[in-house]
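Chains as they are written, first to last, in the numbering used here: chain A, 4 to 366; chain B, 6 to 322.
Any given hint might turn out to be false.
[Said to hold, decoys possible] Here are the simulated EDC-like cross-link-like pairs (lysine to aspartate or glutamate), alpha carbons at most 20 Å apart as the crow flies:
#1 A:Lys149 / B:Glu77
#2 A:Lys74 / A:Asp299
#3 A:Lys157 / B:Glu77
#4 A:Lys76 / A:Glu263
#5 A:Lys256 / A:Glu65
Please keep in mind that the hints were generated in silico from the structure rather than gathered at the bench.
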Amino acid sequence: MTTHRLTRRKLLTTAAGAAVLGFPLPLRAQPKTFKVGAIHPVTGPLAEPGQACRLGAQMAAEAINAAGGIKSKGGIKLELLVGDTQTKPENGRVEAERVVQQGAQMLLGSFDSGSTNAMVSVAQQRRVPFLVDIAAADPITANVAKAVREGQQKVQYVYRNFPTGSSFGRKAVQYFTEIFREAGVSPKRVVPITRPASAQLLLPEIRKQKVEILGVVSPGSPGLYEAGQIAALKEDLEYVMASVPWPNFKNPKTKTLAEEYQKRSGGKTFDTNSGYSYDAMFVIADILERAARLDDPDTIVDAMRKTNYTAGLMQYGGPILFNEIGDNPNAIPTMIQILGQKPVAVWPKEAALQKFVFPRPKA
Amino acid sequence: MGPWLWLAALAVLLALPAVLSGYVVTIFILIFFYGFLGQAWNIVGGYTGQLSVGHAAFVGIGGYTAAMLSIEAGLTPWIGMFIGGALAAVLGAIIAYLGFRFGLRGFYFVLLTVAFAEVCRILASNIDAIGGALGLYITFTGNPRQFQFQDQRAYYYVALALMMAATGVVAVIERRRFGIYLTAIREDEAACEALGVNTFKYKMLAMLVSSFLTGIGGTFYAYYLFSLQPSTVFGIPLSVEIIIRPIVGGAGTLLGPILGSFILTPLGELSRSYFGQGGMYGVHLIAYGVLLIAVVLFLPHGAYPYLTRLFGGRPRA
Chain A
4 MTTHRLTRRK LLTTAAGAAV LGFPLPLRAQ PKTFKVGAIH PVTGPLAEPG QACRLGAQMA
64 AEAINAAGGI KSKGGIKLEL LVGDTQTKPE NGRVEAERVV QQGAQMLLGS FDSGSTNAMV
124 SVAQQRRVPF LVDIAAADPI TANVAKAVRE GQQKVQYVYR NFPTGSSFGR KAVQYFTEIF
184 REAGVSPKRV VPITRPASAQ LLLPEIRKQK VEILGVVSPG SPGLYEAGQI AALKEDLEYV
244 MASVPWPNFK NPKTKTLAEE YQKRSGGKTF DTNSGYSYDA MFVIADILER AARLDDPDTI
304 VDAMRKTNYT AGLMQYGGPI LFNEIGDNPN AIPTMIQILG QKPVAVWPKE AALQKFVFPR
364 PKA
Chain B
6 MGPWLWLAAL AVLLALPAVL SGYVVTIFIL IFFYGFLGQA WNIVGGYTGQ LSVGHAAFVG
66 IGGYTAAMLS IEAGLTPWIG MFIGGALAAV LGAIIAYLGF RFGLRGFYFV LLTVAFAEVC
126 RILASNIDAI GGALGLYITF TGNPRQFQFQ DQRAYYYVAL ALMMAATGVV AVIERRRFGI
186 YLTAIREDEA ACEALGVNTF KYKMLAMLVS SFLTGIGGTF YAYYLFSLQP STVFGIPLSV
246 EIIIRPIVGG AGTLLGPILG SFILTPLGEL SRSYFGQGGM YGVHLIAYGV LLIAVVLFLP
306 HGAYPYLTRL FGGRPRA
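With the rest of the complex left out, here is chain A:
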């Protein structure tokens, strides 16, 4: 009779062998996922909005997966490969290359226009469809469309669901004009102010010096509606209006999500950044549902071009679709006003939750 004695060496080799052989097994058993590279500036000067974008995209991916993944493709789940640009263009490029290397079949990002444009070159070079969730500079999509038109690139892989820089300005002027007409006033001067710091100097001064003005309106620059700014400026921000991309709180889904977002983010507001990244993930899911195949980037682009998505949670001027440049003409800002120390949508009429107060009451 032979006895098998388990020596320490044998135990170690067996354990190592089991580790080597055993590890891939659970991975192999998992269903395949569709990987999306979500790249945002989660550290550095734009860390706060960047983190909001990442969380928005993550919550959307979780919601899509919980509802059964991409149903037309056998319920394949979405997997996010996250990246950090630190607001440096070179990192946009490096991170895009990294996630593509790790198997990302689509790109999402990336808030600041410089990093986004660096990602564009990767998308075009490596043929990876890229949905820009936030970034306003017009040339990001327009340049690619031009290169395709002139035959220098075959296919446009870059599309954007966010207002462009020029549409920001146009819409702001349109809203101002409409509100002035509705209020029956014709202001002699409109003085734009920018940057959080200048608002903190200017607004208290307007109050102290009892300047007679009809109101303070902004074409969308940050610094006039964020929670921190309201806490700092308090009454001085009351009745201030700004034209910004904004969630559609008339939609009950937006309200529910905003509450969940507040819990997950440690008390932050569901806003432009989290909202557009959230919508973008759902647009990607919608594209994948309609794409003929998922292993060919050009069929994904075909489906992208035919997008007509109506369930967005942000305030849109119509369904999400992409024009010949690759932009969504229905991605528009909303005029919000600080009323009762909270930003509230007041214009256009179909988006308004409350009637605007303009000219503002005399103190």
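Given chain A's structure and the hints, the job is docking chain B onto it.
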């Protein structure tokens, strides 16, 4: 290192793109590019000991020049890059003249260089013809005539060539009387002057060569990242990125900037891809910072002199 070792290293670098993934190729491109910029800075900052913290200005001027010439006049950036380098050298000459003619040393020279870079940043932010604060966006075409490549590996070879060329320039300077004058100026400018060396002339020359090379780097920046924003290309963070590699690798040594780039760029990448995934935002910056402090603390003269001592060699210059 013997010539054979050099050739072997070069052969490995030339062959690498065939086996490396696109991501690793990208990291190598950044290593070469920052190695190139560090080497250009090394001439004036390392060898001559004149601490310029405004080298980003030359990157910006070079990049904007080549991009504007290409967009407005259809001039290929392959030529535009030399015009950009020349304009950067003009700015370099102005800064150097003001600084050296009036004998600004130490912190005062640092402030002068920073001030010029800031003036460039503010000017570029306010000139609408070159894109203003939003910046200049370059169309990706993948056309080699426009300094663009559909294949990532072409950028690798261009960046490698830039780094090798700058290293060649520095190697030549180091072996000539010019290089010895520069080192002498760094070690004791008064003594150097007393021995009859025209220190003003050689400091000016060092700055000219350095700013010209850095300006050429601007074209690569523009056509690799496809946008130029005043706050990024003229900003202090880019100047620091340029300086930090030669300092870590060994300022005033031939291989210091390259070694520094081979240490720092992958370090930044690894710490970001390792720590940047979870919810702990910013841990990678702490890790990077701690490693940087460790290098400066334990290798105060840089990694290259330490390594040459370690292997029994004698650190050059």
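- [ ] Given the hint that Lys157 (chain A) pairs with Glu77 (chain B), test it: the Cα-Cα distance must not exceed 20 Å.
- [x] violated, 24 Å
Open item on the list: Just to be careful, I want the Cα atoms of Lys149 (chain A) and Glu77 (chain B) compared with a cutoff of 20 Å; is the pair within it?
Closed with: holds, 16 Å
Task: Proposed proximity, Glu65 (chain A) with Lys256 (chain A) (alpha carbon, max 20 Å) - done: holds, 16 Å
TODO: Verify the proposed pairing of Lys74 (chain A) with Asp299 (chain A), using a straight-line Cα cut of 20 Å.
DONE: Holds. Lys74 (chain A) to Asp299 (chain A) sits at ~18 Å (cutoff 20 Å).
Open item on the list: Can you confirm whether the C-alpha distance between Lys76 (chain A) and Glu263 (chain A) stays at or below 20 Å?
Closed with: Roughly 28 Å between the alpha carbons, so the hint for Lys76 (chain A) and Glu263 (chain A) is violated.
In summary, the structure is inconsistent with hints 3, 4 from the numbered list given earlier, while agreeing with the others.
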